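As they're listed, the protein sequences go chains A and B.
Plus 17 on top of the position in the first sequence (first one is 1) and you've got my numbering.
Plus 17 on top of the position in the second sequence (first one is 1) and you've got my numbering.
Hints are computed from structural coordinates only; laboratory data are not their basis.
Just so you know, these numbers come straight off a predicted model, no measurement behind them.
Just to be clear, a hint being listed does not mean it is correct.
Which copy? The list can't say, so a pair holds if one copy fits it or any two copies do.
Subject to a maximum C-alpha distance of 16 Å in a straight line, what follows is the list of computed EDC-like cross-link-like pairs (lysine to aspartate or glutamate) [said to hold, decoys possible]:
{"hint": "1", "residue 1": "103", "residue 2": "57"}
{"hint": "2", "residue 1": "423", "residue 2": "26"}
{"hint": "3", "residue 1": "295", "residue 2": "171"}
{"hint": "4", "residue 1": "295", "residue 2": "170"}
{"hint": "5", "residue 1": "286", "residue 2": "313"}
{"hint": "6", "residue 1": "129", "residue 2": "340"}
{"hint": "7", "residue 1": "309", "residue 2": "340"}
{"hint": "8", "residue 1": "84", "residue 2": "362"}
{"hint": "9", "residue 1": "50", "residue 2": "79"}
{"hint": "10", "residue 1": "84", "residue 2": "48"}
One letter stands for each residue in the lines below.
2 protein chains.
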Amino acid sequence: MSEQLSIADARQAEAIGRQVVLQGWVRTRRDSKAGFSFLELNDGSCFGNIQVIASADLENYEQEIKKLSAGCSVSVVGLVKESPGKGQTTEIEATAVTVHGLADTETYPLQKKRHSFEFLRTIAHLRPRTNTFGAIARVRNCICNSIHQFFQEDGFLYIHTPVITTSDCEGAGEMFQVTTLELDKVPKTEAKVDFTQDFFDRPAYLTVSGQLEAEIFACGLGKVYTFGPTFRAENSNTARHLAEFWMVEPEMAFYDLEDNMRVAERMLKRIFRDVLEKCPEDMEFFNLRIDKTVIETLEKIIDADFVRLPYTEAVDILTASGEKFEFPVDWGTDLQSEHERYLTEKHFQCPVILYDYPRQIKPFYMRVNDDGHTVRAMDVLVPKVGEIIGGSQREERLDVLQQRMKEQNLEPEGYWWYLDLRRYGTVPHSGFGLGLERVLQFVTGMANIRDVIPFPRTPGTAEF
Amino acid sequence: MSEQLSIADARQAEAIGRQVVLQGWVRTRRDSKAGFSFLELNDGSCFGNIQVIASADLENYEQEIKKLSAGCSVSVVGLVKESPGKGQTTEIEATAVTVHGLADTETYPLQKKRHSFEFLRTIAHLRPRTNTFGAIARVRNCICNSIHQFFQEDGFLYIHTPVITTSDCEGAGEMFQVTTLELDKVPKTEAKVDFTQDFFDRPAYLTVSGQLEAEIFACGLGKVYTFGPTFRAENSNTARHLAEFWMVEPEMAFYDLEDNMRVAERMLKRIFRDVLEKCPEDMEFFNLRIDKTVIETLEKIIDADFVRLPYTEAVDILTASGEKFEFPVDWGTDLQSEHERYLTEKHFQCPVILYDYPRQIKPFYMRVNDDGHTVRAMDVLVPKVGEIIGGSQREERLDVLQQRMKEQNLEPEGYWWYLDLRRYGTVPHSGFGLGLERVLQFVTGMANIRDVIPFPRTPGTAEF
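Looking at chain A on its own, in the form it has when it is part of the complex (with noise of 0.2 Å):
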């Protein structure tokens, strides 16, 4: 009997004189003049197709088999043999080909010529089936696999903060709003939405973090964190921002900005060094035809030691450079992309950890350094897309942060359990978050970002 194999195991040697049965799409179909037909067929297990060699001898060599064409779904029966081509070691001498499907090449969307992303983001259900797709769904589940070991085996739990919440991260943050009304009839009193008829008895909303959350199961079972999925209901139409997307947020009790920056660097590491490893076939596909330097930045960032810099040192360095900037650069203000690039592109050219910002233009959780100005915030920058991670070492002294809300007008009320977790066996503890999409758009140079994510929402678009 025949076993079943992927089209990844196939193309290796040691699969060589296994009777198999692949199954999968057809990429090409080639007739040879001798009587035979080249297939390439491609399952998704990894990015190279194997080729089928499927002899005009089979009994529906002319009714189905010369009918395959790009798209078409088949499984193939037969003997995987050393492959006297060039760039493959192994391939398939059908004995039989079962079409399971057809893909009319007349109205088949995707055609043998290459489409222009913006195309294929209308088609996203067909767009996994093209190369630079597959490539990036094994890349991204690459890197997520990668984010769950490095936590696992550093003994964190994975935690699910919740999607709804009545709580907003940030204090500011545009959010959606998640409601059971009936739009057209939104049930009101004394002209007020009356959100006792809601769902959840009062207005509800898509969180934009689970940092919060997070807090408090670091504060009780020490290193906690969470991947799931956030949002940010800006109006932004740009190649960097989505509606929805996915954050890893890791938070950790007894952890200074210091511990902070050794787990962020050594995350970011072991993700690039996983997916070099793992996915050394896409990775190429990327560095040979969506950006040339991928594969060596990777390389680079892996070998190298992350520069830590204050932010009043980043300052001074960026004023003493003589680059003229769009925007100017000023104590007190936040950096710009430009600043951030000038210093990891070319003042240290590589990833800088600036740390210690001024104060007022962090939000309130992140603790007050000594100097009264400064706060334990760290950004982790990296060439080309800047800030790649943000994160900080929280406050947690009771009456420190009790006067920072107070400063940035937020109601304790709605905080009260957060306050709790300082009043109640307080703890240093930090943590950060990392944008999974923002990760992908750096290690495949893939300039959209919603070509990074299977079905991208933003303004106007939740198709899908």
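Add chain B to chain A, keeping to what the hints say.
Just chain B now, with coordinates in the frame of chain A:
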């Protein structure tokens, strides 16, 4: 220098003789007349505590150590020694105890006495610090990790299907609406809501299932799984319903219903085996305090073959059983929980996979059998919980699928891309859904689903 160690590691015999730093929260303090105090310390790394012996010679003994109570946070430096006490391998002789945060015994809500789970839900920010909820967090983490490993080892790709959606997988289902319109002044044109002013230019909802999108990826990349939050806006105040819960949905190209059953059975056994192996202390606790049958039940399932039983035969068995059921058994209606429990608990005394359900009670996407009356649906039933997995082979034939949609009054326009999967290179494929919280209830014996998710969302409740 002392090395940082988790309490899980410090409790092992290998730690004896090492100079360590432990950090965590005090569970209890007991003072000996012999001039020292015993602290039970927990850091979340495992169920058990470590006993810290703090001598009166320590400089902060009177001022600080003797004030320690449940919930206080400390760092302890000391030597790990063999413990003369029963039920513990090691203990630590402190050379320094640093107090990070006290927890006023007058106001700290977690007192020594046992609290009801209802009460603990009102302090969900503190309940991870209890034995029960620490154990749940570790078992939940273990199960999530087990699920990822199971699929990763088998070549599945983890994919993220969207939370915000404009389609409704089940064709029915009560959904939450997602909007950026201001509810107190919803814009209207001709008495209808003007969705062109909403974020996505149309009504958008929270997903009830990622299945249809998972099918997209399976029908191009082979074997995939989703693992993410899903939502139901049902007004169900039961111990088994949540408005927000996590679901795992594998989807496999070229898999028929029998293949699907095999994946489901293997996955459940893998989860149960991992939990028993990796969380033995936590499971002993559940077995002792929550449900005295959980360990035995899991062990039996791991060793048993799941029974496969067509729905029609199940109806025959139930009808012939002589059992008095509250609801009548009738071919063509859904089985009730009492029927499912009779089959798994009394008749077979093991998990049962029911399959080939009546066409009229199942969704449009399930493959129609040759008999015309049944579809290739399957439900995995386990003792006590009943249905834990629901799945099916999907209808891959375009014409049959279109006919089924017509039967169920579904508009094909909304499903153009789903139909395209059958139009171009269609393949037999199958998948199922597993509710994470149901599994957790089954594994731990916890009666209420609100206690196995960090922050439950239910009608009227979205605190934290």
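In ascending order, which of the hints set out earlier in this document are inconsistent with the structure?
-> The structure conflicts with hints 2, 6, 7, 8, although it agrees with all the remaining ones.
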